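There are 2 protein chains.
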Amino acid sequence: MAQEIPIPNTQQLAWQQAELGVVFHYDIHVFDNKPYNQADNRITPISNIHLFKPAHLDVEQWVISAKESGAKFAIITATHETGFALYPSKANPYNTSALGWKNGKEDLVGDFIKACRKHDIKPGVYLGIRWNSYLGIHDFKAIGTGDVQKKRQQDYNEMVEKMVTEICTWYGPLFEIWFDGGASSPDKGAPNVLPIVKKYQPNSLFYHNDQLAEARWGGSETGTVNYPCWSTFPFPYTGSGESAPESIYKNGYALLKTGDPNGSYFMPAMADAPLRGTGGRHEWFWEPGDEKTIYPLSDLMDMYRKSVGRNATLILGVTPDTSGLVPSQDRLRLQELGNEIKRQYGSPIKNTSSEKFIIKFPTLQEVQQLILAEDLSYGQRIRSFHIDAKTKTGWKTIFTGTSIGQKCIISLEHGLNCTEIKLHIDHAIGSPKIINFNAYDTF
Amino acid sequence: MAQEIPIPNTQQLAWQQAELGVVFHYDIHVFDNKPYNQADNRITPISNIHLFKPAHLDVEQWVISAKESGAKFAIITATHETGFALYPSKANPYNTSALGWKNGKEDLVGDFIKACRKHDIKPGVYLGIRWNSYLGIHDFKAIGTGDVQKKRQQDYNEMVEKMVTEICTWYGPLFEIWFDGGASSPDKGAPNVLPIVKKYQPNSLFYHNDQLAEARWGGSETGTVNYPCWSTFPFPYTGSGESAPESIYKNGYALLKTGDPNGSYFMPAMADAPLRGTGGRHEWFWEPGDEKTIYPLSDLMDMYRKSVGRNATLILGVTPDTSGLVPSQDRLRLQELGNEIKRQYGSPIKNTSSEKFIIKFPTLQEVQQLILAEDLSYGQRIRSFHIDAKTKTGWKTIFTGTSIGQKCIISLEHGLNCTEIKLHIDHAIGSPKIINFNAYDTF
Numbered sequence: 022m023a024q025e026i027p028i029p030n031t032q033q034l035a036w037q038q039a040e041l042g043v044v045f046h047y048d049i050h051v052f053d054n055k056p057y058n059q060a061d062n063r064i065t066p067i068s069n070i071h072l073f074k075p076a077h078l079d080v081e082q083w084v085i086s087a088k089e090s091g092a093k094f095a096i097i098t099a100t101h102e103t104g105f106a107l108y109p110s111k112a113n114p115y116n117t118s119a120l121g122w123k124n125g126k127e128d129l130v131g132d133f134i135k136a137c138r139k140h141d142i143k144p145g146v147y148l149g150i151r152w153n154s155y156l157g158i159h160d161f162k163a164i165g166t167g168d169v170q171k172k173r174q175q176d177y178n179e180m181v182e183k184m185v186t187e188i189c190t191w192y193g194p195l196f197e198i199w200f201d202g203g204a205s206s207p208d209k210g211a212p213n214v215l216p217i218v219k220k221y222q223p224n225s226l227f228y229h230n231d232q233l234a235e236a237r238w239g240g241s242e243t244g245t246v247n248y249p250c251w252s253t254f255p256f257p258y259t260g261s262g263e264s265a266p267e268s269i270y271k272n273g274y275a276l277l278k279t280g281d282p283n284g285s286y287f288m289p290a291m292a293d294a295p296l297r298g299t300g301g302r303h304e305w306f307w308e309p310g311d312e313k314t315i316y317p318l319s320d321l322m323d324m325y326r327k328s329v330g331r332n333a334t335l336i337l338g339v340t341p342d343t344s345g346l347v348p349s350q351d352r353l354r355l356q357e358l359g360n361e362i363k364r365q366y367g368s369p370i371k372n373t374s375s376e377k378f379i380i381k382f383p384t385l386q387e388v389q390q391l392i393l394a395e396d397l398s399y400g401q402r403i404r405s406f407h408i409d410a411k412t413k414t415g416w417k418t419i420f421t422g423t424s425i426g427q428k429c430i431i432s433l434e435h436g437l438n439c440t441e442i443k444l445h446i447d448h449a450i451g452s453p454k455i456i457n458f459n460a461y462d463t464f
Numbered sequence: 022m023a024q025e026i027p028i029p030n031t032q033q034l035a036w037q038q039a040e041l042g043v044v045f046h047y048d049i050h051v052f053d054n055k056p057y058n059q060a061d062n063r064i065t066p067i068s069n070i071h072l073f074k075p076a077h078l079d080v081e082q083w084v085i086s087a088k089e090s091g092a093k094f095a096i097i098t099a100t101h102e103t104g105f106a107l108y109p110s111k112a113n114p115y116n117t118s119a120l121g122w123k124n125g126k127e128d129l130v131g132d133f134i135k136a137c138r139k140h141d142i143k144p145g146v147y148l149g150i151r152w153n154s155y156l157g158i159h160d161f162k163a164i165g166t167g168d169v170q171k172k173r174q175q176d177y178n179e180m181v182e183k184m185v186t187e188i189c190t191w192y193g194p195l196f197e198i199w200f201d202g203g204a205s206s207p208d209k210g211a212p213n214v215l216p217i218v219k220k221y222q223p224n225s226l227f228y229h230n231d232q233l234a235e236a237r238w239g240g241s242e243t244g245t246v247n248y249p250c251w252s253t254f255p256f257p258y259t260g261s262g263e264s265a266p267e268s269i270y271k272n273g274y275a276l277l278k279t280g281d282p283n284g285s286y287f288m289p290a291m292a293d294a295p296l297r298g299t300g301g302r303h304e305w306f307w308e309p310g311d312e313k314t315i316y317p318l319s320d321l322m323d324m325y326r327k328s329v330g331r332n333a334t335l336i337l338g339v340t341p342d343t344s345g346l347v348p349s350q351d352r353l354r355l356q357e358l359g360n361e362i363k364r365q366y367g368s369p370i371k372n373t374s375s376e377k378f379i380i381k382f383p384t385l386q387e388v389q390q391l392i393l394a395e396d397l398s399y400g401q402r403i404r405s406f407h408i409d410a411k412t413k414t415g416w417k418t419i420f421t422g423t424s425i426g427q428k429c430i431i432s433l434e435h436g437l438n439c440t441e442i443k444l445h446i447d448h449a450i451g452s453p454k455i456i457n458f459n460a461y462d463t464f
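Chains as they are written, first to last, in the numbering used here: chain A, 22 to 464; chain B, 22 to 464.
It is worth saying that the hints were derived from the structure and are not from the lab.
It should be emphasised that the depicted structure is a prediction, and the values quoted were computed from it without experimental measurement.
One should not assume that every hint holds.
Repeated chains share a single entry, so a pair holds when one copy, or any two copies, can fit it.
Distance condition first, Cα-Cα at most 25 Å in a straight line; then the derived SDA-like pairs of lysine to any residue [as the list claims (entries may be wrong)]:
#1 Lys135 <-> Asp320
#2 Lys411 <-> Thr31
#3 Lys183 <-> Asp53
#4 Lys126 <-> Ile28
#5 Lys111 <-> Leu437
#6 Lys417 <-> His140
#7 Lys417 <-> Ile446
#8 Lys55 <-> Glu182
#9 Lys220 <-> Ser268
#10 Lys139 <-> His445
#11 Lys55 <-> Asp176
#12 Lys363 <-> Pro257
#13 Lys162 <-> Ala60
#14 Lys135 <-> Asn124
#15 Lys55 <-> Ile362
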């Protein structure tokens, strides 16, 4: 190979191959009977943890809902912006054990991970450390000034580092550890979490701090990325807020959305979106009376094609309610999504992974969609390609593309009748490694 | 009666009659292996509550130690300046239930109060709400600025009010509720605790906030007050820090030390001191290797005479150690104190409460000490008096005094040989109510 190209590590490859995940947001303020106001939530401590009172709490039902959507992994917010830990942390007294349930051993995170393993879903944990309204932490900084601030910061950082150690050592291997908004870096006075994750969870996807990002935010919370969306990036991290390299934030996060085919670092994109995200709403947390904001199935399929179908990993935000369950309408939509993905992509008319990249049909065949896939363990070798189809009127080019990666879904508007389809690799670094080239008559 | 004088309410009378109490200080930082530094403690949050690990915790042993000292009541710091609650508060998640002991029901306060009732000691609770290093509360104020500060303050105040409700409603009648450093007042943005205590614990001594003080600090932590020390005061409160009427703070707290015989408010004085308070040390909390700073018995008896013997209530600070017990040397000293008080004052040679105020001996008698006592339910009626004794050389005045109150101990240096002792009331408001006039040959 003339040119070295970045390849994924174990966890990045697994994360791209998983394609679809679910993140569950759950925190005390779900129970406050008020619309979620993130800005307010970040500055409003909630000492009264007994607001948190799910009558029918069943995290296994959450995991089953994720499974039904077709997700291969599921993530739980061990802490979000109140700072309340959903597990009996020894480091952080503001946690579920103080509720006095199950003899002080109530552990949503542990139960969630157990349920994941039972249902063959890969478990991940989300830790919000950037904000902690209970302790007065704002954008990683303890409020106050002088020695008071210094002491609070020191205690907070130690607490976070111990929590990360707990999460990394109590529950077995984790698929992903998600530090929301990034985990900043010790250089900037924030907790030093990277060495802990690397020590105890070397095969967990680290997302992310100012030192490293093993995946990147895809630049929006729409559940979509641009096409092309490369799994490579010019920096080993993306930063967060003011700490980000300036180029990342230009042009509406264009670099996050597209990546850089010549970037030196493997860093696949996450397309994230809340399931309740239509009709002018965008809800990571459950709120009463908002079932009508659940995305219609057609929107979700469009999202799927514009994320998974563009080489990104799609993570849907699902909102357990005050009863402690995924609401029935949300669960139904997840089931519909899982069924629809199977219906559309479960049974290709024909697939090939031969080096000839040709699909032949015995007779004229209507084709609605195509899927291409590279063996990403070799990195994104293919840089441009086109697809020709042999129709009644002869060969014609039906698609011209660049990135393939884990999955490239090509929808053919109004279908296409043909007897043969051929993939031409126009430019690749090293020999191309196509592992799937499938045709579907479904849409 | 020509002049109305202030009389004690139920709890004030009981508190004066109790004369001697013990306060136990216990908090997480006892376990940090460092000398206690109050200024530092106030600004250093301790998230790691699992430092708190008394291997042989036995609060009944504390209560027995108090009992052995002769104390009639005992007080426990439900919270001190870290903010850590020694009981499973529902309002404050930073508490013993988060330790995960006894199925999350560990309750030092409840156990302590139970032990008090078992051993016929009146239970009191101390609440530190002025400082809370865990939550960043300094002198009642949440740190920070703007909306963040406002929201934190609001949550803190609500939390404190709920905690006070818990303390007032969970454990039965309390002898005293001690808000250390005062509880400020709602006018100044602090929690509104007085109505809660008055509603649920109307017969508990309220000490104190900017609205009311049912007892006053005696102006030092030496375990002594001035003579005279009147049980009356010109204000219904003493304030704290900058909120105090200026006159209280003049001349080294002289007004707190002496009270004011013409004050309109009944407000007896507390003389407080830590048991470990000699040799340049002054320890409210246990520290390693400081047994030698326990006051010698003679100092404690001197303290007793200069507090209880001057109409104040003496409260000794005792320091349970990291094992969870009152250390053996401290307990021994408390036992010695209890025994010595009994030895010196348990068996008067003679006592009288007759209206003639005369003690007569059949033959020449050596007298070492005298005790006078008013029936305080009528208030401090006696404003000046003198005592004459009939010696071999005839009658002579052996003491001239002012305040009597609950107890006035008169030590006669080198003893006095006499056949008769007579108390002369020189000035009283209304008819004097002497209930004890005892002579002792012990010292």
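Checklist entry - Looking back at the numbered hints, which does the structure fail to meet, lowest number first? => result 1, 2, 4, 5, 6, 9, 10, 12 and 15
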